[in-house]
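2 protein chains.
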Amino acid sequence: MTIEAIDVRPPGPDEVVVAVGAAPINPSDLRILLAGADPERAVRDGDSVRIALGRGAAAAAATRVGRPMTAGNEGAGVVVATGDSEAARALAGRTVAVFAGGGMYGTHVTVHVAACLPLPDGTDPRVGASAFVNPLTALGMVDTMRLEGHTAIVHTAAASNLGQMLNRLCIAEGVPLVAIVRRPEHAALLRGQGAAHVVDSSSPAFADDLIAAIRATGATIGFDAIGGGTLVSTILSCMEAALATGEFTTYGSSTHKQVYIYGGLDRSPTVLDRSYGLAWSVGGWLLTPFLGRVGPARAAELQARVAAELTTTFASDYGDVIGLDAVLDVEQLRRIARMSTGAKSLVAPTS
Amino acid sequence: MTIEAIDVRPPGPDEVVVAVGAAPINPSDLRILLAGADPERAVRDGDSVRIALGRGAAAAAATRVGRPMTAGNEGAGVVVATGDSEAARALAGRTVAVFAGGGMYGTHVTVHVAACLPLPDGTDPRVGASAFVNPLTALGMVDTMRLEGHTAIVHTAAASNLGQMLNRLCIAEGVPLVAIVRRPEHAALLRGQGAAHVVDSSSPAFADDLIAAIRATGATIGFDAIGGGTLVSTILSCMEAALATGEFTTYGSSTHKQVYIYGGLDRSPTVLDRSYGLAWSVGGWLLTPFLGRVGPARAAELQARVAAELTTTFASDYGDVIGLDAVLDVEQLRRIARMSTGAKSLVAPTS
Numbered sequence: 015m016t017i018e019a020i021d022v023r024p025p026g027p028d029e030v031v032v033a034v035g036a037a038p039i040n041p042s043d044l045r046i047l048l049a050g051a052d053p054e055r056a057v058r059d060g061d062s063v064r065i066a067l068g069r070g071a072a073a074a075a076a077t078r079v080g081r082p083m084t085a086g087n088e089g090a091g092v093v094v095a096t097g098d099s100e101a102a103r104a105l106a107g108r109t110v111a112v113f114a115g116g117g118m119y120g121t122h123v124t125v126h127v128a129a130c131l132p133l134p135d136g137t138d139p140r141v142g143a144s145a146f147v148n149p150l151t152a153l154g155m156v157d158t159m160r161l162e163g164h165t166a167i168v169h170t171a172a173a174s175n176l177g178q179m180l181n182r183l184c185i186a187e188g189v190p191l192v193a194i195v196r197r198p199e200h201a202a203l204l205r206g207q208g209a210a211h212v213v214d215s216s217s218p219a220f221a222d223d224l225i226a227a228i229r230a231t232g233a234t235i236g237f238d239a240i241g242g243g244t245l246v247s248t249i250l251s252c253m254e255a256a257l258a259t260g261e262f263t264t265y266g267s268s269t270h271k272q273v274y275i276y277g278g279l280d281r282s283p284t285v286l287d288r289s290y291g292l293a294w295s296v297g298g299w300l301l302t303p304f305l306g307r308v309g310p311a312r313a314a315e316l317q318a319r320v321a322a323e324l325t326t327t328f329a330s331d332y333g334d335v336i337g338l339d340a341v342l343d344v345e346q347l348r349r350i351a352r353m354s355t356g357a358k359s360l361v362a363p364t365s
Numbered sequence: 015m016t017i018e019a020i021d022v023r024p025p026g027p028d029e030v031v032v033a034v035g036a037a038p039i040n041p042s043d044l045r046i047l048l049a050g051a052d053p054e055r056a057v058r059d060g061d062s063v064r065i066a067l068g069r070g071a072a073a074a075a076a077t078r079v080g081r082p083m084t085a086g087n088e089g090a091g092v093v094v095a096t097g098d099s100e101a102a103r104a105l106a107g108r109t110v111a112v113f114a115g116g117g118m119y120g121t122h123v124t125v126h127v128a129a130c131l132p133l134p135d136g137t138d139p140r141v142g143a144s145a146f147v148n149p150l151t152a153l154g155m156v157d158t159m160r161l162e163g164h165t166a167i168v169h170t171a172a173a174s175n176l177g178q179m180l181n182r183l184c185i186a187e188g189v190p191l192v193a194i195v196r197r198p199e200h201a202a203l204l205r206g207q208g209a210a211h212v213v214d215s216s217s218p219a220f221a222d223d224l225i226a227a228i229r230a231t232g233a234t235i236g237f238d239a240i241g242g243g244t245l246v247s248t249i250l251s252c253m254e255a256a257l258a259t260g261e262f263t264t265y266g267s268s269t270h271k272q273v274y275i276y277g278g279l280d281r282s283p284t285v286l287d288r289s290y291g292l293a294w295s296v297g298g299w300l301l302t303p304f305l306g307r308v309g310p311a312r313a314a315e316l317q318a319r320v321a322a323e324l325t326t327t328f329a330s331d332y333g334d335v336i337g338l339d340a341v342l343d344v345e346q347l348r349r350i351a352r353m354s355t356g357a358k359s360l361v362a363p364t365s
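Just so you know, the sequences run in chain order A and B. Under my numbering, the residues of the first sequence are numbered 15 to 365, in order. Under my numbering, the residues of the second sequence are numbered 15 to 365, in order.
What you were told as hints is all true, and nothing was included just to trick you.
With beta-carbon atoms standing in for the labels, derived distance ranges: (1) B:Gly163 x A:Tyr265: 20 to 30 Å; (2) B:Arg312 x A:Gly306: 22 to 32 Å; (3) A:Pro310 x B:Gly206: 51 to 61 Å; (4) B:Arg69 x A:Ser268: 19 to 29 Å; (5) B:Gln346 x A:Ser268: 31 to 41 Å; (6) A:Pro310 x B:Glu323: 40 to 50 Å; (7) A:Ala230 x B:Gly306: 24 to 34 Å.
Which bits of chain B does chain A cover? Going by a derived footprint, with three or more residues having C-beta under 8 Å, they are: (8) 39-48; (9) 71-79; (10) 249-262; (11) 270-279; (12) 288-300.
For the chain B half of the interface with chain A, some residues (derived, Cβ under 8 Å), not all of them: (13) Tyr265; (14) Pro283; (15) Thr284; (16) Val285; (17) Pro303.
Don't read these hints as lab results, they were simulated from the structure. Because the structure is a prediction, the values reported are computed rather than measured. Heads up, the beta-carbon is just placed ideally off N, CA and C, and yes, glycines get one too.
One chain only, chain A, in its complex shape (with noise of 0.2 Å):
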């Protein structure tokens, strides 16, 4: 990883120029900035931070290999110079949100008008940086939920700003989430936040509770951000658990049990027992795909619900804000990447 300093390329006629005031660093963007290499393996070298990849991560970035890649999926900022349609020029001086998908981790990017989200004059950027990739997620998945008959969510990793961001969509949407944590005192913090069905994977209890919170809640979907190891197949055997009728079915419910992965916070393979019949599914959940699914009118629809609700039900909390030199900072960069399961640094690149 370096900084660098290069020529901010001028707007083509649909583009603006914004000037960045803030930028989240995702689980999305540690994957750019890290290659899944292990962050406590990284040494400064000069004006660079390297880390030597494992034999897994080196594979998976092989076509990687000589391509520098801006780093920086979403923010927020000024518009300083803009294009000549009327799109763009509409937008100058205004501060928005932007879904760059790269870029955001500098001083200025330059983006179609479409990636571009207007926000309230005087919106704080670090108010509106994260108005995207997380808020998308949320309302993605109370749509997948119902676009697939389901009528209630199980969410893991749920103490997460995402999760937290979900919690609030639910309570306003009744849709009944069972929130799954790792700690009691996130459990806590989402209690806190009127969540009413939160279990605590690291109790002894965590099956029982599991079932019985499945169990009155009705859910049949879950997202998980976590991937490897058998949270997945606990969850799919809690669902078929509360499902079961006292009758013998030879292959189990006929109820469909989904469970999405949507993140990997841990890298181990997904082992599933398959001791919940047959009606099941497990599968891969990424927003753009879903943005795809529900077509171009839903998806503005769903953006303008994150405008109008982004210092309520689509706030964020980060833990610190930080320069762009930070993740040259090799003890920096390893507290980042630890923190990116809970409550995100903010990149503010002229701090």
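Fit chain B to the supplied structure of chain A, relying on the hints for placement.
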């Protein structure tokens, strides 16, 4: 397990009594007969066979305790008595294939006319005995492939009766099939039946061969009879490798990769290494929900095709023909259980 003499239930208006001529032993029948018990632990006890269940099997069978079940899901025979309805009387004296969902391992069975598929007069019941489970499963795989937008199939344990059927069906339908087998002699058997893409998982070149076969066919859906271990994950990673363009993508190929698990020859956990991005899904597949999904009109079309092609596309090959009392012979029972993955046994109640 016991064999008991029970009265034949008189047919209701829409029912018929079938004198059973032959009934196959499918893996789904072994689930009923053995309840997940290890046949190596079977002991003869007077007129019964008893097998102690392992802990996992005992938990899964908890709701079966004290509930006798009659085994034998399908078979064929001659209608020897009918109810009063026109539909029932039309079957008098006919040779029919029957999907009873239990009770076919007996001399007679009383079933609804809708469970009967009339066969040409003079058909040997041994020829019509497997007219439902395997043929409709093979047809269901091809229909599922089309319904979900795929154009070629990967199949495991592909030298089974079902696998040979699927191979003939795919040749007839022009659907490219990647057949994964576990032994060189199984590969030779399928190649001898015209299979173009046979891959042997016991070969050191397995992964490379599988990638090449998937690339040649474009297969993005798989049906797996094994369930346990890493094979499902290997299929997904080989699909992903076959789709790779050389361009780096953060979340892998955007092409959806699907593997359905429809059997459990290996009862150990399914281990997914998730090295194939997020556009993937693994789930259970079962004939009954598939038939519900396509509806009764399509199900009737598929059944008519089976009846017309029972001696060609959907012909079955049996390892041996046994009498009803074979299941009470501990040595025979063990042999039957071991054979169920390849050529299966046929129960001829009166032999």
